[in-house]
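Enquirer: The residues making up each chain are set out below.
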Amino acid sequence: MTMIKTRGLTKNFLSYKKSPGFMGSIKALYKRDYITKTAVNSFDLEIQKGEIVGLLGPNGAGKTTLMKMLTGIIVPSSGEILVAGSVPADRNKEFRKRIALVMGQKSQLWWDIPAMDSFLLLQKFYEVSDSDFKERIEEMSTLLDVKDLLHVHVRKLSLGERMKMELMASLLHNPEVIFLDEPTIGLDLVAQENIRYFIKEFHRKNNTTIILTSHYMADVHALCKRLVLILQGKKGFDGPIEEFEQILGREKSVSFSFSETIEDHTHFFENWSPEWNQSFTKVDLRLPQEDLRDIGKTVLEKFPVIEFNTEKMPIERVMKTLMEKPELALGENH
Amino acid sequence: MEKIINTLQRSLPKWWQTIKISWSNYTAYRLNFFLQIIGPALVFFFVKYNLWTSVYNGDPELVIKGYNLDQMITYHIWSMVVGLLAQGMSALNLAEDIRMGRISSYLIYPMNFWEYHTAGFIAFETLQTFISILTIIVISLFGLLPGLTLSALFYGFTYCIYVSLFWFVLQYLTGIIGFWLEETWILRVILSILTAFLSGAIIPLELYPEWLVNLLNYTPFPYLTYYPIKIFMGEIGFFTKGYMILGFWMVVLLIVNKIIWKKGIRMYTAAGM
Amino acid sequence: MSSIKHYLSVYKKFIETSFSVQLSFRTSFALLIFMDLFFYISTLATVDFIYDHVAVIGPWEKNKLMFFISFMLCVDHLHMTLLSESFWVLSRQIRTGELDFILLKPVHSIFTIFFRYIRPSSLTNTIAAWGFLIYFGSKVPLTTTAWLILPILLIMAFILLAIIEIIISTAMFWLTEGLGINFLRMQIQSLARWPDYIYKVLARRLFTVLMPILLIGSAPVRFMLDLKSWDYIAGMIAAIFVFGFLMFKIWSRALIRYESASS
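Protein chains in written order, with the numbering used here: chain E, 1 to 334; chain L, 1 to 273; chain B, 1 to 263.
Just chain E, with the same shape it has in the complex:
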């Protein structure tokens, strides 16, 4: 069952340039040079029920704008969207009960009162029955380990604790589609892991459709089977996570550390774009996947290797390369 479908989705924003100083300020009062910025450009997307999709892209690529259009917060300039059978921009009540948005950088909790008071208000908003409400609060607060914090003023909570409360607030009405916009931003490693685990559990139980953006590739690795890449408002990639790793070719990154300086560092390694450290005791190599075994064996035999490892998160390297050279994903004519 298709949960999300967009065709030719586009959003333009208008802004203006201004010169500095008093006269510049006065001049800007009567004359302005407007610039149109296309945040999302002709975007097609289709997501099935129960999928967890990672939406990747550098800052300003259009991820958040896309999310806001999918949730009906902003209205597209052109194109079509259908989420859970509704057009988000119509903002009908049933649609809004079926979705949730969590933004790591913004808070929907009331700052000056305990989180529980906000939850109670949300219960009324979404018309959640008392029994469901109690059950969900109990379940989620146990899973997130925040039972003791429900009655503490939100402004007294740490960032990680607050984020957990934000998640609870957004999921109280048991939405069918969840949009997570950088839910782990700024959190420590343990809190990040907690939240990942929680999302995973929630998904396992409810078969929720989840769209996730994050700059932490660990989030993406842990949760998503499918990735969508957005670069300069356009779709750069859409497919399984394993294929994403191979965008830049079917090569593996392997690093070797040696017990002593390797004198003959040019000759043997030069075919595999080596990158040495300063003392020539460590090298990163890019090896063709099919030759990995043979070359690895030879290196181990010929050199005093004390440690070697293959890359843990290839998507991180792929992302970095694509941010520097977006044309690799978008094609030369951009």
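Read the hints as simulated data drawn from the structure, not as lab findings.
Hints may be right or wrong, so weigh each one.
Said to hold, decoys possible - Distance ranges between label pairs, derived from CB positions:
(1) L:111 with B:15: 40 to 46 Å
(2) B:210 with L:241: 44 to 50 Å
(3) B:249 with L:154: 49 to 55 Å
(4) B:23 with L:105: 30 to 36 Å
(5) B:245 with L:42: 24 to 30 Å
(6) E:150 with B:249: 39 to 45 Å
Note that the structure is a prediction, hence the values are computed from the model and not measured.
Beta carbons: idealized from backbone N, C-alpha and C, even for Gly.
We have chain E; now place chains L and B onto it with these hints.
Expert: The following block gives chains L and B in isolation, referenced to the frame of chain E:
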């Protein structure tokens, strides 16, 4: 001497830059900017003009406490100009800075909190002066300001800018109370309601009961609106008394501000917010 | 019906949370009471001072105008208690993008935006505002019928004011910055604080028909003073419906305009 010049050379560029940024900030949303100018003018032309025409019942001969209709209208025009010049709201961001916990950045920047906001005030005041001159020109074109003299205008502007400085110091105080009080805007609204009523901005003080006027003369209020209007109307020349009285209050306020700031910042850093 | 129940249950929570927030800021709570009181007293005193020097303003002698002013203060009091904070919050919500979360809720956004913040402290001033109204009403003096319909007219006046102000504040969606609009809104409010007869023909027509703020006070007070002036009340009811309809139309246009702050 050399030391002073040196300090000036180092600090002037940063003041100038801050003033420029403030100009951009004030004019960034232009309709917003225009509305703040149009607002008081709208009230003047619709409410005050009509109200007083109604009070005087259109009778040009009628004199109330020394004002005929034309003089009453002139009084209210100057009241609007004084409001623009002398009672600005440049302290708005100041309170916000404290409330949102942005103080920390000033503890790191080479520009102090008061320096930054005083630069903002200077930027605001230049813009307001510009707007006031425009307003006066437009109103004069309507022929509503007869007998305007350059010397009255000069004395009026000088005194108003002095009043605005007093007002800024007072607003500064309401802002830094934000260390303790969550919502300082209430203080500023109370202050502006009281000032509008007690300074003669709504109706000339001559119309007030005598006992109240006698009482008010012991406060700074009449010196904020009533007397500057009289200066613009050419009834008072260089207003030594006003400068002295407001000067006295300013010194008091500056000392209070300094003490409050010290206490506030100590509490702030101690709490490690 | 169930929809009304839904909204009422949400509103009950709004009131509860507003109380618990405000009571934790006790100094602000007390200062707000003073703020309103100063405003009432200075407004009434100004009119009182003018009447020290003239016998009538337009067709009205002192007690009638004082009754009018107190009626507007009561409207203002309702506005202060139920609505006014929201306009300032809206300006912030648009600028910072906090509005995002409100738009996601399955409740009409006008309701969530404008009725979420209640000022319990202003409730305390009910005694003062109504005290003035009843005092000057008895000095006019009002007929029994007028006394009976007074509360209904007051609520109608408040509704009309709310509709006009919400329409004005939608401009914030186009301007992004709400400060100027809020100032304009307050200036327009102050136009309505005087009876319609002080305005010249053109201004009076403009503010009775195109932007019917003069109907807020003048229609009900004129009707109470002279129960035969039905046309005023008919005009007021018509304005509530027409402008109420317009409000919803303009609001949905404004939401299309909303760009949301980038995070």
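Enquirer: It remains to establish, for every hint, whether it holds in the given structure.
Expert: Hint by hint, here is what the structure shows:
no. : hint                         : in the structure
1   : L:111 with B:15: 40 to 46 Å  : 44 Å, holds
2   : B:210 with L:241: 44 to 50 Å : 48 Å, holds
3   : B:249 with L:154: 49 to 55 Å : 52 Å, holds
4   : B:23 with L:105: 30 to 36 Å  : 32 Å, holds
5   : B:245 with L:42: 24 to 30 Å  : 26 Å, holds
6   : E:150 with B:249: 39 to 45 Å : 42 Å, holds
Of the numbered hints listed earlier, not one is contradicted by the structure.
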